[in-house]
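A.B. asks: So you can see what is in the structure, the chains are spelled out below.
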Amino acid sequence: QKEVEQDPGPLSVPEGAIVSLNCTYSNSAFQYFMWYRQYSRKGPELLMYTYSSGNKEDGRFTAQVDKSSKYISLFIRDSQPSDSATYLCAMSEGTGTASKLTFGTGTRLQVTL
Amino acid sequence: SAVISQKPSRDICQRGTSLTIQCQVDSQVTMMFWYRQQPGQSLTLIATANQGSEATYESGFVIDKFPISRPNLTFSTLTVSNMSPEDSSIYLCSVDRGNEQFFGPGTRLTVL
Chain A
2 QKEVEQDPGP LSVPEGAIVS LNCTYSNSAF QYFMWYRQYS RKGPELLMYT
52 YSSGNKEDGR FTAQVDKSSK YISLFIRDSQ PSDSATYLCA MSEGTGTASK
102 LTFGTGTRLQ VTL
Chain B
112 SAVISQKPSR DICQRGTSLT IQCQVDSQVT MMFWYRQQPG QSLTLIATAN
162 QGSEATYESG FVIDKFPISR PNLTFSTLTV SNMSPEDSSI YLCSVDRGNE
212 QFFGPGTRLT VL
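Chains A and B are the protein sequences, given in the same order.
In case it helps, the working numbering puts the first sequence at residues 2 to 114.
In case it helps, the working numbering puts the second sequence at residues 112 to 223.
Just so you know, the hints here were simulated from the structure itself, not pulled from any lab data.
Hints should not be assumed to be uniformly reliable.
[As the list claims (entries may be wrong)] One-sided excerpt, in silico: chain B residues whose CB lies under 8 Å from chain A:
id, residue
1, Gln149
2, Gln152
3, Leu154
4, Leu156
5, Phe177
6, Ser199
7, Leu203
8, Asp207
9, Glu211
10, Gln212
11, Phe213
12, Gly215
13, Pro216
14, Gly217
Backbone N, C-alpha and C define an ideal beta-carbon position, used for all residues, glycine too.
Construct the complete structure from the given sequences, taking the supplied hints into account.
C.D. replies: Written out as structure tokens, the structure reads:
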């Protein structure tokens, strides 16, 4: 079993839809949770960063962490064609020397006009 | 955030040769990381490079195959040695800023 599971998609939604992206994990020591967006032929770009459980909102993006269920989510409101990319969840046990990131495989999102 | 550049952006290499990938950061950082992103697979950490000490390699990766240099606080290189087609991948460096990691644009390597 992988440490981090993520549905690879592809996920296709119409413009304006609410998108829900999810990851599950097995390592209860993970404390830091991140979502990266990766456009084709580009490096991953950090979107959201959350420590421990709870919600965090940034514009159209909301990240949720449920440590009791080992489940994290990223919601995108009012999705735009420019949101079409691969979304990677990542997590780590700590910072500094404990900041090794474990990634999901990524979910490819396509927002259509 | 951090501005990270990588050279080359892409290369096509012959089996048995070696390629050195460079990573440059816009300001000093303690830790730099090298990842591999193979098609359809998650980003996998190869090694962590601290300035002034030997790199720390993850399980499945060895120094003879992926030697790393870290001569100063803004620069690192990763060499992919004695390449085979299985080494075809995107190689990315990243840096740790506070609690966040930022990635370079990646080097797309194809081995024939």
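A.B. asks: Against each hint, give a clear statement of whether it holds in the structure.
C.D. replies: Tested hints:
no.	hint	in the structure
1	Gln149	10 Å, violated
2	Gln152	6 Å, holds
3	Leu154	4 Å, holds
4	Leu156	6 Å, holds
5	Phe177	16 Å, violated
6	Ser199	15 Å, violated
7	Leu203	6 Å, holds
8	Asp207	5 Å, holds
9	Glu211	5 Å, holds
10	Gln212	6 Å, holds
11	Phe213	6 Å, holds
12	Gly215	5 Å, holds
13	Pro216	4 Å, holds
14	Gly217	5 Å, holds
Hints 1, 5 and 6 from the earlier list are contradicted by this structure; the remaining hints agree with it.
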